[in-house]
Amino acid sequence: MNRDEPTIDELMASVHIEVAARPHIVVDTELCRGCGQQECVTACPANLFVPTADGGIVFNYEQCFECGTCYLVCNTDGALSWSYPEGGYGVSMRFA
Amino acid sequence: MSDRVDAVVVGAGPAGSTAALQLARAGRSVVLVERGRAPGTKNMYGGVIYGRVLDGVVADWAARAPLQRWVTRRSTMVLTPTQAVTLDVRSAAWGEPPYNGATAYRSDFDRWLAEEAVAAGAILLPSTVVTGLLRDQAGRVVGVRTDRPDGDLRCEVVIACDGVNSLLAKEAGLHRATSSDTYTLGVKEVLALPRATIEQRFGVTGRHGVDIEILGATGQVPGGGFVYTNLETVAVGVVAQVSGLAKAKVRPEELVARLRAHPAVAALTHGGELVEYSAHLIPEGGYDSMPALSTDGMLVAGDAAHMTLAAGIWLEGVNMAIGAGSAAGLTAARALAAGDTSEHGLRGYRQALESSFVLANHRRLRNLPHLVLGERTQRVYPGLICDLAEELFTVRDPIPKPGLTRLALDARRRHGVRWRDLASDGLSALRALR
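Read top to bottom, the protein sequences are chains F and X. Quick note on numbering: the working numbering labels position 16 of the first sequence as 42, and the sequence is numbered without any gaps. Quick note on numbering: the working numbering labels position 175 of the second sequence as 478, and the sequence is numbered without any gaps.
Treat the hints with care, as some may be off.
[Said to hold, decoys possible] To give an idea of the interface, some chain F residues facing chain X are shown, with a C-beta separation under 10 Å as derived from the structure:
#, residue
1, V67
2, G82
3, V84
4, T95
5, M119
[As the list claims (entries may be wrong)] Covered by chain X, per the in silico footprint, the following chain F stretches (three or more residues, Cβ under 8 Å):
#, stretch
6, 32 to 38
7, 71 to 79
8, 97 to 108
Don't read these hints as lab results, they were simulated from the structure. Every residue gets a Cβ at the ideal spot worked out from N, C-alpha and C, and that includes glycine.
Let the hints inform the model, and build the full structure from the sequences given.
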């Protein structure tokens with residue numbers, strides 16, 4: 027990869043987010059183990075779904091765009107509970 | 304917050320603020336609820352606002368709206384990894400009243416439009432999430448629940464402009480089961496460059512700007528790319544079919560990086576300093592993926608009703624939202640005046656949209672989204688077009704020039720396009736564009 031190619035972490039460092047105290051998306055890693063596709067891992071634009079060695083998913087809500095992609099691609103009933111962060115918190119885009 | 308109001312509008316994007324503006328102007332009490340700290344902070348798009356629809360809403364919008372550049376140059380680019388063919392359209396007329404498209408930051412534009420609604424008398428309630436609908440025993444929508452303490456808001460009519468995920472329209476049962484194929488994910492990088500550099504590279508001056516839409520930019524993933532100019536930044540991004548990302552095992556930001564590395568795009572964006580990376584879902588299904596637009600006590604407008612027009616060369620969303628929001632606000636105001644906000648009382652909304660550009664354009668172009676995201680449009684035709692153009696302009700002396708027909712026939716064969724498919728796609732395109 028090109029030296030001046032930003033990594034996803036560098037990209038996400040440019041995003042302004044007021045992190046809410048309470049997670050607005052909760053992932054049930056037990057249920058994720060039974061999911062063959064785990065499309066969320068590839069599709070989440072913030073790269074928040076990280077596969078674990080035992081086949082589960084580690085998820086951190088803090089850097090979320092609240093876009094809804096994970097909710098759309100999740101194939102496992104109950105694995106993902108999805109809502110918006112409380113009012114005034116979460117992503118705040120400035121140049122979009 | 305226990306006082307009853309005439310209307311609650313959920314979401315202060317272009318649809319919601321326009322709806323609230325129309326209701327306030329009609330003398331109705333209206334609360335405009337926004338989950339962001341300020342309107343626009345949750346919103347992101349692919350770059351161009353076609354403002355003519357505002358002529359009938361905010362007469363002097365062109366002078367007052369916080370816009371970046373008037374788009375006076377509009378290009379459609381077709382790419383392969385090593386080639387590019389561009390159709391480049393310039394018009395001086397697009398830089399003068401009544402104008403055509405403009406670029407803007409949504410945090411500026413959406414806030415401005417919400418302030419117009421407030422100036423007309425709407426009450427803006429920011430930093431507030433609507434968590435559900437309030438219904439009476441008959442199932443009629445009579446308000447919304449919010450995440451504020453004692454946060455129930457009761458009203459005669461709710462206008463749901465709550466964006467692409469449209470939790471309210473779903474709760475009301477207005478959406479049919481939707482396939483992830485009808486959504487794309489938009490991701491973009493906004494890059495800072497000196498104003499003079501932008502104007503030099505894009506060949507514009509003053510407040511004039513450029514919008515480039517790109518086919519063949521997303522590899523194995525159905526989608527497209529875009530580049531557009533703000534005053535002191537350039538935005539470069541892709542839209543990618545959500546279901547195609549995992550299939551191709553490509554992450555969204557990698558698609559942007561690849562597009563930015565293409566020689567035709569790198570020439571425009573190189574050296575730009577990242578100021579913001581952003582992402583948003585886009586409802587691309589068009590007319591056939593829209594939900595029912597009303598129910599007892601509620602109307603739906605904008606992305607929440609899948610009103611973004613993503614029909615290949617036409618990519619319009621903000622104008623659709625403003626048109627629909629305006630019709631929703633006017634319909635609700637009339638229904639309130641008549642004392643009937645039941646589904647029957649609100650039926651004028653669909654009729655108004657069907658006879659306006661919003662649903663007329665969607666209906667006319669209903670088959671285009673499917674065609675544009677189709678396998679051959681995405682994976683075969685860009686290469687064929689680029690090869691044919693390259694052959695056409697490659698001088699092979701001392702070998703005599705082949706005729707254009709011969710070149711076209713050869714290109715078709717080399718790219719494995721069957722006559723049958725070419726004919727059927729051509730016919731579909733003609734029908735879709737009729």
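(request) For the hint on G82(F), just tell me whether its beta-carbon gets within less than 10 Å of chain X. (result) Given a least distance of 17 Å, the restraint on G82(F) is violated.
(request) May I ask you to test the interface hint for T95(F) with respect to chain X, counting a Cβ-Cβ separation under 10 Å as satisfied? (result) Holds: closest Cβ of chain X sits about 5 Å from T95(F), inside 10 Å.
(request) Report holds or violated for chain X covering the stretch 71 to 79 of chain F, Cβ cut-off 8 Å, minimum 3 residues. (result) Coverage by chain X holds for the stretch 71 to 79 of chain F (3 residues, Cβ < 8 Å).
(request) Mind checking the CB of V67(F) against every CB in chain X and telling me if the closest is under 10 Å? (result) holds, 8 Å
(request) Would you settle whether the hint for M119(F) is holds or violated, based on the nearest Cβ-Cβ distance to chain X being less than 10 Å? (result) holds, 5 Å
(request) Quick one: see if chain X covers the stretch 97 to 108 of chain F, three-plus residues with Cβ-Cβ under 8 Å. (result) n = 3 at 8 Å, threshold three: holds.
(request) Using Cβ atoms only, decide whether V84(F) comes closer than 10 Å to chain X, and label the hint accordingly. (result) violated, 17 Å
(message) Under 8 Å between beta-carbons, do enough residues of the stretch 32 to 38 of chain F, three at least, approach chain X for the coverage claim to hold?
(response) holds (count 5)
In summary, the structure is inconsistent with hints 2, 3 from the numbered list given earlier, while agreeing with the others.
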